[in-house]
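Student: Please work from the sequences and hints to get the whole structure.
Number of protein chains: 2
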Amino acid sequence: MGYCINHPDRQTQYLCMKDNIYFCEDCLTCRNSEIYCKFRQSCPIWFIVKKGFKSWGGDEKPVSTEYSVTFQPENKQIKVKDGESLLEAAQRAEIPLNASCNGKGACGKCKLVVDSGNIKSEPTALLTQEEKSKNYVLACKTTVHGDITVRIPEETIERNLKVAGMGEAATKRLQGLVDNISPISIDINLQLSAPTLEDPVSDLDRLYRGLSKSKQVDTDHLNISLKVMQELAEVMRNDDWSVHASIIRKRCGNEVVAIHSGTTQEASLGVAVDLGTTSIVVYLVDMANGDILGATSGHNRQAACGDDVINRVVCAEKNGVKKLSTMVLATINGLINELIHSANIKREQIKNATISGNTIMTHLLLQIEPKYIRREPYIPSVSDFPIMQAKDIGLKINPQGAVFVLPGPASYVGGDIVAGVLYTGLHNKDHMTLFIDVGTNGEIVLGNKDFLMTASCSAGPAFEGGGVRWGMRAEEGAIEKVVISKDTLAPEIGVVGDVKPRGICGSGMIDLISEMMMCGIINQSGKFQLDENHPRMMRDDYDIGYIIAYENETNVDKDIVFTETDIDNLIRSKGAIYAGFLVLLEEAGMDFSMVDEIILTGGFGQYLNIEKAINIGMLPELDQSKFHYMGNSSIAGAYMCLLSDRYRSDARQISNNMTYIDFSSNNHYMDEFTSALFLPHTNINSFPTVMQKIKEGK
Amino acid sequence: MGYCINHPDRQTQYLCMKDNIYFCEDCLTCRNSEIYCKFRQSCPIWFIVKKGFKSWGGDEKPVSTEYSVTFQPENKQIKVKDGESLLEAAQRAEIPLNASCNGKGACGKCKLVVDSGNIKSEPTALLTQEEKSKNYVLACKTTVHGDITVRIPEETIERNLKVAGMGEAATKRLQGLVDNISPISIDINLQLSAPTLEDPVSDLDRLYRGLSKSKQVDTDHLNISLKVMQELAEVMRNDDWSVHASIIRKRCGNEVVAIHSGTTQEASLGVAVDLGTTSIVVYLVDMANGDILGATSGHNRQAACGDDVINRVVCAEKNGVKKLSTMVLATINGLINELIHSANIKREQIKNATISGNTIMTHLLLQIEPKYIRREPYIPSVSDFPIMQAKDIGLKINPQGAVFVLPGPASYVGGDIVAGVLYTGLHNKDHMTLFIDVGTNGEIVLGNKDFLMTASCSAGPAFEGGGVRWGMRAEEGAIEKVVISKDTLAPEIGVVGDVKPRGICGSGMIDLISEMMMCGIINQSGKFQLDENHPRMMRDDYDIGYIIAYENETNVDKDIVFTETDIDNLIRSKGAIYAGFLVLLEEAGMDFSMVDEIILTGGFGQYLNIEKAINIGMLPELDQSKFHYMGNSSIAGAYMCLLSDRYRSDARQISNNMTYIDFSSNNHYMDEFTSALFLPHTNINSFPTVMQKIKEGK
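Those protein sequence lines, which keep their order, are chains A and B.
Taken in order, the first sequence gives residues 2 to 699; the numbers are from my numbering.
Taken in order, the second sequence gives residues 2 to 699; the numbers are from my numbering.
Think of the hints as simulated: they come from the structure by calculation, not from any bench.
Any given hint might turn out to be false.
Each pair may be met inside one copy or between any two copies, as identical chains are not told apart.
To be verified - Straight-line alpha carbon distances no greater than 25 angstroms define the calculated DSS-like cross-link-like pairs of lysine-lysine that follow: (1) 228 <-> 319; (2) 228 <-> 324; (3) 372 <-> 228; (4) 319 <-> 82; (5) 392 <-> 251.
Tutor: Given below as structure tokens:
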């Protein structure tokens with residue numbers, strides 16, 4: 002039971018399982034009746050819609066006069082039409098506002114403080130009375146009707162913080178991983194002989210002859226662009242027939258993409274990009290030896306269009322795919338600029354790039370139409386990409402630089418998962434591995450050297466902070482560890498960066514729920530059973546929750562709490578993962594006993610407590626030695642593909658060999674999901690040790 | 002002896018052998034002392050320059066005020082600076098003015114009539130007193146000093162006339178020549194299966210699967226551009242998974258360059274282009290069966306920058322290669338427009354193009370730096386071109402259309418000669434062939450299936466009308482045949498198009514000189530020996546000549562005459578060709594007796610009298626059955642390459658197999674050239690039959 006998103010005074014049982022919003026009977030309709038929704042088969046709202054409830058509609062408002070909106074502290078001004086929403090204004094002004102639900106009014110994150118001016122705000126349950134009294138509004142639910150000035154509160158500003166787990170330890174693991182380096186784009190230094198009457202071959206033939214002698218490239222299938230041919234004569238003569246050529250090795254032949262006078266001793270560099278729905282990680286790599294010269298990460302600016310991939314596609318359909326591409330390119334190029342600056346190198350030195358992302362992210366980046374991905378039968382437009390050049394896609398490295406985008410086998414299992422498999426090497430192993438990457442989605446792979454099966458289990462963004470009141474990514478200020486004292490019921494917390502907390506990330510949530518359950522603060526349904534008057538308990542108009550950190554202990558001047566709704570969300574996410582494991586094994590005619598290794602990867606940062614993940618039923622109860630947490634495998638795979646042709650061809654093979662199982666049309670998956678909505682699980686026989694611990698109150 | 006170009010009253014012996022201009026001692030200097038000149042080794046001016054005469058210089062004039070020049074009958078207006086030449090103004094206004102010598106004041110062809118306004122003209126011997134009295138000026142020697150209006154006289158307007166010899170007979174010879182048609186760009190119609198949950202491969206994989214099943218293209222090495230990938234999703238769904246793809250078959254793999262919804266039954270068309278220095282010929286071809294749907298030709302607009310390739314390069318160095326490219330593209334695209342209009346087809350249907358031109362023409366078209374071609378050691382930048390797309394080079398056919406540019410073995414032997422060899426098939430024959438293409442240059446090939454040798458003999462533009470007072474190309478109004486009555490010494494002429502004559506073309510000149518010699522009008526040195534008072538004799542201030550057509554018989558209201566200077570030029574041209582034959586044979590250790598066949602091609606139109614060409618010593622005295630005149634072999638080879646992959650690869654092989662002999666560094670060539678400056682030759686033993694005829698007064 003929860004409160005209607007539009008009528009905060011009405012309690013209701015109807016929960017949109019996808020958007021995690023309650024609706025009262027008056028509001029009851031599916032918001033996305035045309036789009037792909039994994040929950041559809043068991044969704045109460047969907048069945049009611051199908052029975053004939055009328056659609057919502059009437060979203061457009063009459064617009065006429067223009068007003069100006071000033072955003073502080075940036076002091077950025079933008080013109081808006083009467084009735085335009087603040088979120089639209091912020092997006093146009095490129096104010097990095099966090100709008101996880103893409104303007105649905107569901108996430109409550111796009112908070113702004115109105116300093117002055119005429120606005121209209123819809124009622125919302127997602128602002129506290131205190132916030133309302135301080136003129137907080139939700140940008141998406143507020144329209145402009147006069148010149149106004151707004152301020153971005155601390156907690157709304159997206160910070161360009163380092164993603165935890167990407168520190169020295171993680172990068173050192175990669176160093177030396179690739180021994181036989183073979184970049185896509187190579188530079189070849191040549192000292193050519195000057196032409197004579199006796200040796201009058203054309204400039205181009207002279208170049209090809211030199212390249213052929215260098216034995217570094219196959220000149221039989223060498224292409225060259227008109228632009229390079231046009232420059233050839235001068236470039237070859239400018240430094241007495243000494244030149245260096247940049248050559249891209251494509252699958253269907255090589256291409257001379259640039260030629261310059263003189264030889265070069267400059268280091269050739271590359272970037273590996275983990276193109277996540279939420280976070281983007283970029284490594285700067287020395288192509289000569291694989292050294293990682295720098296690493297940085299940032300939030301995908303597309304987050305302004307929603308947390309999950311489906312919202313991004315909806316946004317692309319509305320605003321054009323180019324807009325989404327521009328947003329993500331701004332993020333990637335900003336990170337590249339940061340690396341160029343901090344490593345003190347020249348942009349032109351970066352001649353190689355690999356990009357590892359899920360299928361929708363790569364479509365949006367490349368401006369390839371993504372809309373059919375969310376419509377049955379869920380077809381991506383391109384799954385295996387040719388080698389491209391940076392200038393073609395807008396990547397701000399050397400314009401002639403080569404770009405390899407990792408291929409992905411299906412609409413909901415993309416290149417990032419292929420990268421993960423490549424990094425773990427499970428496709429080469431004899432023993433059976435179950436692999437899960439927990440990001441904004443949850444993708445599972447089961448297999449070994451003989452076969453690979455994969456599925457996407459729609460775990461939702463809870464582990465990355467989505468749909469959780471104080472949820473955040475594993476960044477500085479995120480609570481990542483929690484131990485609760487059985488005596489005082491007070492938590493001892495570990496925070497990323499050892500600073501005052503700003504919120505809680507996935508690993509913190511797993512710890513917290515496990516601890517609350519073991520201490521009896523919540524029961525196995527995830528409901529609070531602690532005395533209402535306990536100092537750690539919070540109750541407001543809408544929800545009840547546990548106070549993890551008091552106002553004065555935090556960096557946000559408010560209590561950081563974890564509510565029953567948050568717990569519900571987490572339980573659905575962990576249930577989706579567990580159900581995914583079970584059903585994928587079943588499709589292969591197997592069960593957990595036949596699994597030799599379980600590899601977890603994803604955005605948990607450096608820390609993940611396996612035991613506690615088992616306690617809450619996210620992971621199966623197996624010997625802990627079988628579990629391995631491997632961090633961000635997407636960036637690791639991208640790094641490997643950046644350096645080695647063998648790995649690039651492995652990636653293609655992995656993608657081709659994967660059998661995709663579609664859970665959206667799988668009744669059994671919904672059953673298993675429902676059974677998993679309990680701590681640790683409805684079927685307690687699967688978790689004997691956990692049950693024993695609960696019994697013993699450990 | 003002649004008259005100084007700058008001082009028409011001064012007689013002088015110094016003749017620039019390249020530009021065909023006399024200089025008095027005051028003016029004596031090489032105008033192009035830095036450029037490649039084939040005559041240099043025996044040039045009197047050059048040696049004097051080397052001895053220390055100071056260079057000309059001082060070409061620039063102070064400019065300030067702006068005036069307007071109006072060109073009639075086009076009524077086109079353009080602003081010019083004070084002191085700018087009328088030729089520069091005309092070129093900027095894109096008035097198609099004939100300026101064979103590129104503004105040197107040597108050809109006398111850029112005549113304009115000044116109707117009103119303030120101009121300054123340098124004195125010139127190239128205008129008659131009558132013309133001067135009618136306000137004729139040479140545009141290149143006239144500067145503007147006020148608003149003026151000029152008129153383009155009839156004889157200056159470049160006409161878009163059909164090149165003779167390209168009529169039905171010539172095109173019919175090609176029909177059916179290519180039996181196994183394999184275009185570069187092909188269209189493939191596909192009816193794909195719609196995706197299902199059971200068959201969820203990506204759009205691109207579905208397309209590739211369809212292409213692979215069609216067996217029309219190798220999908221293993223298939224590339225695709227980002228733009229096509231971006232359109233893929235919609236295009237494939239728009240007509241229920243029925244599509245047609247355009248694929249270019251490149252040397253190093255194929256590429257999907259376009260995809261459209263629905264199937265197409267539209268004929269795929271192609272254009273074959275003979276890119277001549279002077280004339281450009283375009284054929285429109287049905288790619289299904291090789292039918293020639295239309296043929297047209299026009300004058301290369303680059304002619305405004307000079308008649309010969311060297312002047313074009315000089316012009317490109319001065320004005321940028323882009324300008325020259327724009328000029329020639331305007332010509333080609335204009336001709337294509339004409340064909341599109343007359344054949345009533347759509348531009349988009351033209352998906353294939355081949356271009357056959359000499360090395361400098363192809364460099365200029367593609368904006369590839371040509372300047373080193375005219376500097377020792379005379380190196381082209383590119384001799385073998387990759388397949389390009391029309392949009393890349395500015396060809397106005399389907400933008401995605403494939404363009405094949407015929408490769409050429411050397412700076413002065415280009416793709417047009419390779420096309421000629423391909424068409425004649427001499428590279429496949431057992432017997433020994435001597436091939437010459439007489440165009441603005443004269444290129445010779447000697448060989449059979451075992452070897453190919455080639456050279457360029459710098460015949461100059463005389464046979465195409467350059468440097469000849471009434472010279473013109475083999476167009477409507479050109480005198481192409483001449484028989485002179487021994488009794489009356491009056492000529493009987495044949496004119497292209499059976500109209501009143503406007504001038505005389507190469508074949509007419511050969512006839513005329515042979516006839517004048519046989520009738521005793523001129524002696525064997527090419528000097529007039531006819532009585533000055535004979536009604537057919539003309540003498541003006543500068544020259545003496547034979548009147549071929551009286552004023553009232555012509556279309557230009559003036560006597561058409563052939564002067565001693567004209568004869569001198571022709572003798573030099575024919576001498577260059579004959580010397581070329583001899584030296585190339587000598588390089589191969591052969592002589593004329595070992596030659597089984599002599600093939601002539603080039604711009605003579607439909608008619609060439611072999612006997613008379615032998616009489617004047619242009620061709621060796623051999624059995625006439627050994628000679629074959631094959632018309633425009635450049636367009637024929639381009640046509641063959643348009644239709645067939647086999648011929649395209651043959652062309653590459655011919656180009657690769659040719660050994661180029663450079664005459665510019667060959668002393669023996671200059672000796673032979675000098676010996677050939679006599680009618681028929683200094684060595685009369687080589688022409689016993691001709692000598693007998695002369696003796697008998699035939």
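Student: Indicate, hint by hint, whether the structure satisfies it.
Tutor: Now for the hints, and whether the structure bears them out:
Proximity of residue 228 to residue 319 under the C-alpha cut-off of 25 angstroms is restricted to the inter-copy arrangement: shortest distance 21 angstroms between copies versus 37 angstroms within a copy. Proximity of residue 228 and residue 324 under a CA criterion of 25 angstroms is satisfied inter-copy only: 16 angstroms between copies versus 30 angstroms inside one chain copy. In this assembly of identical chains, the alpha carbons of residue 372 and residue 228 lie at most 25 angstroms apart only when taken from different copies (17 angstroms versus 36 angstroms within one copy). For a Cα distance limit of 25 angstroms, the shortest separation of residue 319 from residue 82 inside one copy, 18 angstroms, qualifies, whereas the shortest one across copies, 55 angstroms, does not.
Proximity of residue 392 to residue 251 under the C-alpha cut-off of 25 angstroms is found in both arrangements, the shortest distances being 16 angstroms within a copy and 23 angstroms between copies.
This entry satisfies every hint, going by the numbered hints stated previously.
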